[in-house]
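**Q** Please model the entire structure based on the sequences and the hints provided.
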Amino acid sequence: AQSVTQPDIHITVSEGASLELRCNYSYGATPYLFWYVQSPGQGLQLLLKYFSGDTLVQGIKGFEAEFKRSQSSFNLRKPSVHWSDAAEYFCAVEPEGGNKLVFGAGTILRVKS
Amino acid sequence: DGGITQSPKYLFRKEGQNVTLSCEQNLNHDAMYWYRQDPGQGLRLIYYSQIVNDFQKGDIAEGYSVSREKKESFPLTVTSAQKNPTAFYLCASSHRDRPYFGPGTRLLVL
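Residue numbers (the numbering used here), protein chains in the order written: chain S, 65 to 177; chain W, 4 to 113.
There could be a bad hint or two in this list.
Pairwise CB distance ranges (calculated) [to be verified]:
1. W:20 / S:119: 20 to 30 Å
2. S:72 / W:23: 30 to 40 Å
3. S:119 / W:113: 43 to 53 Å
4. W:53 / S:103: 23 to 33 Å
5. W:53 / S:92: 14 to 24 Å
6. W:41 / S:109: 16 to 26 Å
7. W:43 / S:92: 26 to 36 Å
8. S:119 / W:66: 40 to 50 Å
9. W:43 / S:110: 42 to 52 Å
10. S:72 / W:87: 18 to 28 Å
Short, incomplete list of chain W residues facing chain S, as computed with Cβ under 7 Å [said to hold, decoys possible]:
11. 45
12. 51
13. 58
14. 107
Restricting the straight-line Cα-Cα distance to at most 30 Å, the calculated cross-link-like pairs of lysine-lysine (DSS-like) are [to be verified]:
15. W:74 / W:60
16. W:17 / W:73
17. S:125 / W:60
18. S:125 / W:17
19. S:113 / W:17
20. S:113 / W:86
21. W:86 / W:17
22. S:164 / W:86
23. S:113 / W:12
24. S:164 / W:12
25. W:73 / S:164
26. W:73 / S:113
27. S:164 / W:60
28. S:125 / S:164
Source of the hints: derived by calculation from the structure; they are not laboratory data. Backbone N, C-alpha and C define an ideal beta-carbon position, used for all residues, glycine too.
**A** As structure tokens, then:
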């Protein structure tokens, strides 16, 4: 079945440490790929997106993501985490030729000082 | 300021009651979407509309209804047939490549 998987429900990192959040998808063709962030009780904010071209995508707030076709992955990274990055992060996929987003279950990021 | 507004922020429903969640956008987007969010399940698509006067069911449409009479508006009605309506509801709109999300409405059952 087509799906989006975020294998980590919770991740805790120290402030200043690096971060990688994992995302895998099971669609056959290369879909459009997104990462969103959500603070408690708020809507979703787009961090970055990949449609085609360079597989390393830069986003807002110092985040980047790398698309790896061979691994069907689109992992989110940040070299140095700030306390304000604590939130829930969602990977989303828009299948090629499709017109709706499919979301992973989310990863909750906690930052310890 | 362009964006998506959802109202109310909190909504309470009594048993057997229909309630309507509002979603308005001034981004001139053709496509609009309703998602339901439950803890640990991510977002699930309820309904979406690609154009005025047309909409399609998403993955969990049972117990919900929508209308799209105007490009700017895509209200969602949670009917009494929806047995577990307590959730956070997010509206989104998109044009070409960037879906925008509203701030959400939290629905609680009394």
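**Q** Each of the hints needs a verdict: does it hold here or not?
**A** Hints, one by one, checked against the model:
no. : hint                      : in the structure
1   : W:20 / S:119: 20 to 30 Å  : 50 Å, violated
2   : S:72 / W:23: 30 to 40 Å   : 37 Å, holds
3   : S:119 / W:113: 43 to 53 Å : 50 Å, holds
4   : W:53 / S:103: 23 to 33 Å  : 30 Å, holds
5   : W:53 / S:92: 14 to 24 Å   : 23 Å, holds
6   : W:41 / S:109: 16 to 26 Å  : 20 Å, holds
7   : W:43 / S:92: 26 to 36 Å   : 27 Å, holds
8   : S:119 / W:66: 40 to 50 Å  : 41 Å, holds
9   : W:43 / S:110: 42 to 52 Å  : 22 Å, violated
10  : S:72 / W:87: 18 to 28 Å   : 27 Å, holds
11  : 45                        : 4 Å, holds
12  : 51                        : 5 Å, holds
13  : 58                        : 12 Å, violated
14  : 107                       : 5 Å, holds
15  : W:74 / W:60               : 18 Å, holds
16  : W:17 / W:73               : 29 Å, holds
17  : S:125 / W:60              : 35 Å, violated
18  : S:125 / W:17              : 42 Å, violated
19  : S:113 / W:17              : 40 Å, violated
20  : S:113 / W:86              : 36 Å, violated
21  : W:86 / W:17               : 12 Å, holds
22  : S:164 / W:86              : 25 Å, holds
23  : S:113 / W:12              : 28 Å, holds
24  : S:164 / W:12              : 24 Å, holds
25  : W:73 / S:164              : 20 Å, holds
26  : W:73 / S:113              : 29 Å, holds
27  : S:164 / W:60              : 11 Å, holds
28  : S:125 / S:164             : 26 Å, holds
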